[in-house]
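Peer 1: So the sequence lines, in the order shown, correspond to chains A and B. Position 281 of the first sequence, counted from 1, bears residue number 281 in the numbering used here, the numbering being contiguous throughout. Position 114 of the second sequence, counted from 1, bears residue number 114 in the numbering used here, the numbering being contiguous throughout.
Keep in mind the hints are simulated off the structure, nothing from the lab. Any given hint might turn out to be false.
Said to hold, decoys possible - Keeping only pairs whose Cα atoms sit at most 20 angstroms apart, straight-line, the calculated SDA-like set for lysine to any residue is:
#  : chain 1 : residue 1 : chain 2 : residue 2
1  : A       : 465       : B       : 35
2  : B       : 103       : B       : 152
3  : A       : 171       : A       : 65
4  : A       : 418       : B       : 79
5  : A       : 467       : B       : 167
6  : B       : 163       : A       : 60
7  : A       : 455       : B       : 167
8  : B       : 79        : A       : 476
9  : A       : 171       : A       : 147
10 : A       : 455       : B       : 169
11 : B       : 103       : A       : 463
12 : B       : 79        : B       : 62
13 : A       : 455       : B       : 168
14 : B       : 55        : A       : 476
15 : A       : 465       : B       : 152
16 : A       : 455       : B       : 79
17 : A       : 422       : B       : 133
18 : B       : 55        : A       : 482
19 : A       : 523       : A       : 533
20 : A       : 220       : A       : 178
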Amino acid sequence: MGVFEPNSQSIPDWDDIFTQLSNGQMADFPGGIHPPQAKELSNTIPIITPNLPDALYIPIKQHSGVVGNISVKIGEHVKKGQALTQSSHPFSVPVHASTSGTITNIIEHPSAHASGLPETSLELIPDGLDTWHLLPVITDYQSTPPMVLLERISQAGISGLGGAGFPTYIKTNTQKPVECIIINGIECEPYISSDDRIMREHALQIKQGIDILCHITQAKRVIVAVEDNKPEAYKSLAQACINDERILMASVPTKYPAGGEKQLIQVLTGFEVPNGGLPIDLGILMYNVGTCFAIADAVLYGKALTQRVVTLTGKALAKPQNVWALLGTPIAYLLAHAGYDSNKQKRQKVIMGGPMMGFTVLNDTVPVVKITNCLLVPEQDELPDIDDEKPCIRCGVCADACPAGLLPQQLYWYSKAKELGKAQDYHIHDCIECGACAYVCPSEIPLVQYYRQTKAAIRQEAENKAKSDKAKERFEARQARLLADKKAREEKHKKAAEARKAAMENKGNDAKDKIAAALARAKAKRAAAKAAQDNQQDDAN
Amino acid sequence: MIAALITLGILALIFGAILGYSAIRFKVEADPLVEQIDAILPQTQCGQCGYPGCKPYAEAIANGDEINKCPPGGEATIKHLADLMGVEPKPLDGAHGTEDVKKVAYIREAECIGCTKCIQACPVDAIIGASKQMHTVIVDECTGCDLCVAPCPVDCIDMVPVKETPTNWQWKLAKNAGGTVGDINIKELS
Numbered sequence: 001m002g003v004f005e006p007n008s009q010s011i012p013d014w015d016d017i018f019t020q021l022s023n024g025q026m027a028d029f030p031g032g033i034h035p036p037q038a039k040e041l042s043n044t045i046p047i048i049t050p051n052l053p054d055a056l057y058i059p060i061k062q063h064s065g066v067v068g069n070i071s072v073k074i075g076e077h078v079k080k081g082q083a084l085t086q087s088s089h090p091f092s093v094p095v096h097a098s099t100s101g102t103i104t105n106i107i108e109h110p111s112a113h114a115s116g117l118p119e120t121s122l123e124l125i126p127d128g129l130d131t132w133h134l135l136p137v138i139t140d141y142q143s144t145p146p147m148v149l150l151e152r153i154s155q156a157g158i159s160g161l162g163g164a165g166f167p168t169y170i171k172t173n174t175q176k177p178v179e180c181i182i183i184n185g186i187e188c189e190p191y192i193s194s195d196d197r198i199m200r201e202h203a204l205q206i207k208q209g210i211d212i213l214c215h216i217t218q219a220k221r222v223i224v225a226v227e228d229n230k231p232e233a234y235k236s237l238a239q240a241c242i243n244d245e246r247i248l249m250a251s252v253p254t255k256y257p258a259g260g261e262k263q264l265i266q267v268l269t270g271f272e273v274p275n276g277g278l279p280i281d282l283g284i285l286m287y288n289v290g291t292c293f294a295i296a297d298a299v300l301y302g303k304a305l306t307q308r309v310v311t312l313t314g315k316a317l318a319k320p321q322n323v324w325a326l327l328g329t330p331i332a333y334l335l336a337h338a339g340y341d342s343n344k345q346k347r348q349k350v351i352m353g354g355p356m357m358g359f360t361v362l363n364d365t366v367p368v369v370k371i372t373n374c375l376l377v378p379e380q381d382e383l384p385d386i387d388d389e390k391p392c393i394r395c396g397v398c399a400d401a402c403p404a405g406l407l408p409q410q411l412y413w414y415s416k417a418k419e420l421g422k423a424q425d426y427h428i429h430d431c432i433e434c435g436a437c438a439y440v441c442p443s444e445i446p447l448v449q450y451y452r453q454t455k456a457a458i459r460q461e462a463e464n465k466a467k468s469d470k471a472k473e474r475f476e477a478r479q480a481r482l483l484a485d486k487k488a489r490e491e492k493h494k495k496a497a498e499a500r501k502a503a504m505e506n507k508g509n510d511a512k513d514k515i516a517a518a519l520a521r522a523k524a525k526r527a528a529a530k531a532a533q534d535n536q537q538d539d540a541n
Numbered sequence: 001m002i003a004a005l006i007t008l009g010i011l012a013l014i015f016g017a018i019l020g021y022s023a024i025r026f027k028v029e030a031d032p033l034v035e036q037i038d039a040i041l042p043q044t045q046c047g048q049c050g051y052p053g054c055k056p057y058a059e060a061i062a063n064g065d066e067i068n069k070c071p072p073g074g075e076a077t078i079k080h081l082a083d084l085m086g087v088e089p090k091p092l093d094g095a096h097g098t099e100d101v102k103k104v105a106y107i108r109e110a111e112c113i114g115c116t117k118c119i120q121a122c123p124v125d126a127i128i129g130a131s132k133q134m135h136t137v138i139v140d141e142c143t144g145c146d147l148c149v150a151p152c153p154v155d156c157i158d159m160v161p162v163k164e165t166p167t168n169w170q171w172k173l174a175k176n177a178g179g180t181v182g183d184i185n186i187k188e189l190s
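Extracted from the complex, chain A is given alone in its bound form (with noise of 0.2 angstroms):
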């Protein structure tokens, strides 16, 4: 059922996986496609800093997992760094400031998410000044345990810039043993060029995150994994890593999605990443480069995560380019930094992440967050928007495509269906949503879209189910309750009536006795009445 043979080793032995990759051996995952890179759009100049927008909207939730108290007042000067929420769940990762300003208002702001639904988020308005709140810097990190590395880690906000905003202190504090980590500047999404810029530019810096990486984790192993279509981001960071024995660097040919974690690791070593596991259950760790970037900004620097590199794109922009963009910056403002002509667009449209796996922003006050790795702005026509789609002609391309080994085609049939139990047969939940099967289906299926919408109906009905089951619980516990509660009226009642049968009994008897005792005294009344008249009569006689 497209699942393919797990390797037959269960533990991969890593000096076999070093020597071939050495030798420039790898595996390869199935499917993938070949999509027009369009990178050097943007790839050609370096990263530019823009002036300070007017405004900054904050959402106080970033990254997946538990959302923080707001810490901070209206009206409250803050400093470029300064945590601006808090909380001890150990989901939880700070969002900060992200220039020195004003926190002038608590708002419902529209999210930088697909649904565009308003969110929780912190307006600052700058001073200008960009004034540091700097944690206190760590220069000496291999002496320090790395239990207070995490903790900055955590402290600084970050989570996994590569996409997914998971929070990294979480990922790195494993139990586990880490026998290899591997660094991501794959970047196979068509346009997208953050990573290869940071790559290009912060090579020595990211290699700082690496090492602070590998002694946090004790890994003995390391693999720089660079797709080939950026020679220059891997001549940077081979430059940057060259007297490290741990590091072996990988050019890994360009085929999306190879920068997928589980692709990735699949391509590399030769094994999967079991079904619902992680890829540490095979001893591995992967980090986007941006994220070994803000780890060295945190530790050597004391810096938060206060900025990204975001990729302004497409032909509806005069100057494409990559800036570092503070994160809560509004998306127009960005846009109007890098020359947005509306004139090329028929309707405006904006993509937030690449043209596979991004979404179109409702609105352009939506902030930039710490996931935000693009802004695409294409021409008309330079991305049609779908056609009604087409009936589906069975013709498998698809499932060709697929880099997960699924089945496409028949998870379409299910989804259309709504038959939910039929798609989690078919491990809906393996779905990476690369979009790799709607770009080769002839028919134009908007397939990634169908699976999402199934992904959530799974979802949805399993918390339905759970809330169910808890209102069973309770209703049968409140029936149980009011049983027992009537059982003991009645119980008391039945007392009650006990007791008052009894009590009339003895009253029943004290009333007799009374009856009894009037009749006896009223009888010796007449009595003694009596005799006294014939007492009487004897005197008259």
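Chain B: place on chain A using the hints.
Peer 2: Showing chain B alone in chain A's frame:
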């Protein structure tokens, strides 16, 4: 002839014994049908089906009643019931109400007089309060059954739709108000 009869008889006895033993040894504790049906029903205890709760309706279905009388469960519940009962799914019976967005009860607390009538009506103990004290609904426990609304003498209970957030939002298919959402076709890119 007699040998054959005896042989077959003995065989019958042996197999009978094996079958009899395994019937006892490997007895499957089958989930009674009513329990299975009850597990599918949404447990709002709202009574819209005409029975005084989900369990009684489950019993009625087991005894042959229609499976399309549960508006809170809607199409999904009907589908599951059809699967379980081996019948064709039917559209929801409009006489018992229509499938609505999920709602929860909300007490306008300033107007509450503390009569406890709603507390007595709530089948899942989702309302807290005491006599002559303000009452309030535990949102997470409320099933949206509507049963507390009618008993309230001052009409201070509203049924409000559950708010849509990015967490419970559902992906909509291509043609929605905002145009195309999600993956974009780039194959015609030169």
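Peer 1: Work down the list of hints and note, for each, if the structure agrees.
Peer 2: Structure-based check of all given hints:
1. The hinted pair formed by residue 465 of chain A and residue 35 of chain B meets the criterion: a straight-line CA distance of about 15 angstroms does not exceed 20 angstroms.
2. The straight-line distance between the Cα atoms of residue 103 of chain B and residue 152 of chain B is roughly 18 angstroms, inside the 20 angstroms bound, and the hint therefore holds.
3. For the hint linking residue 171 of chain A to residue 65 of chain A, the alpha-carbon distance of about 12 angstroms falls within 20 angstroms, and the restraint holds.
4. Between residue 418 of chain A and residue 79 of chain B, the direct Cα distance comes to roughly 10 angstroms. Compliance with the 20 angstroms bound is thereby established for this hinted pair.
5. As the CA atoms of residue 467 of chain A and residue 167 of chain B are separated by approximately 17 angstroms, the hinted pair is consistent with the 20 angstroms bound.
6. A threshold of 20 angstroms between alpha carbons decides the hint, and for residue 163 of chain B with residue 60 of chain A the separation of about 19 angstroms falls inside it, so the pair holds.
7. For the given pair, residue 455 of chain A sits about 13 angstroms from residue 167 of chain B by alpha-carbon distance, which is consistent with the 20 angstroms threshold.
8. Pair hint residue 79 of chain B plus residue 476 of chain A does not hold up; C-alpha atoms about 25 angstroms apart against a cutoff of 20 angstroms.
9. Restraint check for residue 171 of chain A and residue 147 of chain A: the C-alpha separation of about 13 angstroms stays at or below 20 angstroms, so the hint holds.
10. In summary, the hint linking residue 455 of chain A to residue 169 of chain B is supported, as the alpha carbons are separated by about 12 angstroms, within the 20 angstroms threshold.
11. With a C-alpha separation of about 15 angstroms, the suggested pairing of residue 103 of chain B with residue 463 of chain A holds against the 20 angstroms cut-off.
12. Of the pairs offered as hints, the one joining residue 79 of chain B and residue 62 of chain B holds, with about 16 angstroms between alpha carbons and a cut-off of 20 angstroms not exceeded.
13. Straight-line distance between C-alpha atoms of residue 455 of chain A and residue 168 of chain B comes to about 12 angstroms, which keeps the hinted pair within the 20 angstroms bound.
14. Note on residue 55 of chain B and residue 476 of chain A: the hinted pairing holds, with a Cα-Cα distance of about 10 angstroms set against a maximum of 20 angstroms.
15. For the proposed pair residue 465 of chain A and residue 152 of chain B, the alpha carbon gap of about 29 angstroms is over 20 angstroms, so the pair is violated.
16. Note on residue 455 of chain A and residue 79 of chain B: the hinted pairing holds, with a Cα-Cα distance of about 18 angstroms set against a maximum of 20 angstroms.
17. Distance restraint check for residue 422 of chain A and residue 133 of chain B: the Cα-Cα separation of roughly 50 angstroms exceeds the 20 angstroms cut-off, and the hinted pair is therefore not satisfied.
18. For the proposed pair residue 55 of chain B and residue 482 of chain A, the alpha carbon gap of about 17 angstroms is at most 20 angstroms, so the pair holds.
19. At most 20 angstroms may separate the alpha-carbon atoms for a hinted pair to count; residue 523 of chain A and residue 533 of chain A meet this at roughly 15 angstroms.
20. For the hint pairing residue 220 of chain A with residue 178 of chain A, the CA-to-CA distance comes to about 8 angstroms; that is within 20 angstroms, so the pair holds.
Against the hints set out earlier in the document, violations occur for numbers 8, 15 and 17.
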